[in-house]
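Trainee: Produce the complete structure using the sequences and hints provided.
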Amino acid sequence: MSFRETSAWITLVTVALCFGAYFLSLVTGTVSPRGFGAVHLLLICVVVQAVLQIGGHILAAALAPKDARAPRDERERLIAWRAQSLGYHVLVIGVLALAAPAHFGHPIPDLLNFALLDVVVAALVVSVAQIVMYRRGA
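Take the sequence shown: its position 62, counted from the start at 1, is 62 in our numbering, and no numbers get skipped.
Please keep in mind that the hints were generated in silico from the structure rather than gathered at the bench.
Hints are not guaranteed to be accurate.
Said to hold, decoys possible - Quick list of the computed label-pair ranges, beta carbon to beta carbon:
#, residue 1, residue 2, range
1, LYS66, ARG135, 15 to 25 Å
2, HIS103, LEU63, 43 to 53 Å
3, LEU24, LEU96, 37 to 47 Å
4, PRO107, ARG72, 17 to 27 Å
5, HIS103, ASP73, 43 to 53 Å
6, ARG136, HIS40, 39 to 49 Å
Predicted model only: the values in this text are computed from it and were never measured.
Quick reminder that beta carbons are idealized off the backbone N, C-alpha and C, glycines included.
Mentor: Structure representation (structure tokens):
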């Protein structure tokens, strides 16, 4: 597995774990989305996700130092571009879909959480698309 595919896996797992925990706590009612508990939990999730990402990438680079330092070739640049393009389209659709909960009177904290969910889903789409394209050889 190449360093860049490993990087996509690290991103997929850390985003899914950290923000999955955040949104699961909101959905189950463990934390109220309108209180400071949600803000504190979000900050904790962001910090934990950053630490896991940094640690994962340091470990991956230590295991494959030549691959980590190698410049991206044309195939890797194309994969990154296509995956980012897919993620962008998912994000745009998610942001446009925010009109529905806004129309039905959801409060601002809910809309902000929906917007954060859109960003998280877009990041997951980018990682999954990269992994699939690396596996497919495209």
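Trainee: Please check whether LEU24 and LEU96 have a Cβ separation lying inside 37 to 47 Å.
Mentor: violated (25 Å)
Trainee: Does the Cβ distance between PRO107 and ARG72 fall inside 17 to 27 Å?
Mentor: violated (43 Å)
Trainee: Looking only at beta-carbon atoms, does the pair HIS103, LEU63 fall within the given range of 43 to 53 Å?
Mentor: Check passed, 50 Å falls within 43 to 53 Å.
Trainee: Is it true that the C-beta distance of HIS103 to ASP73 lies inside 43 to 53 Å, as the hint says?
Mentor: holds (47 Å)
Trainee: Please check whether LYS66 and ARG135 have a Cβ separation lying inside 15 to 25 Å.
Mentor: At roughly 21 Å between Cβ atoms, ARG135 and LYS66 fall inside 15 to 25 Å, so the hint holds.
Trainee: Within 39 to 49 Å or not, the Cβ separation of ARG136 and HIS40?
Mentor: holds (41 Å)
Consistency note: the structure conflicts with the earlier hints numbered 3, 4.
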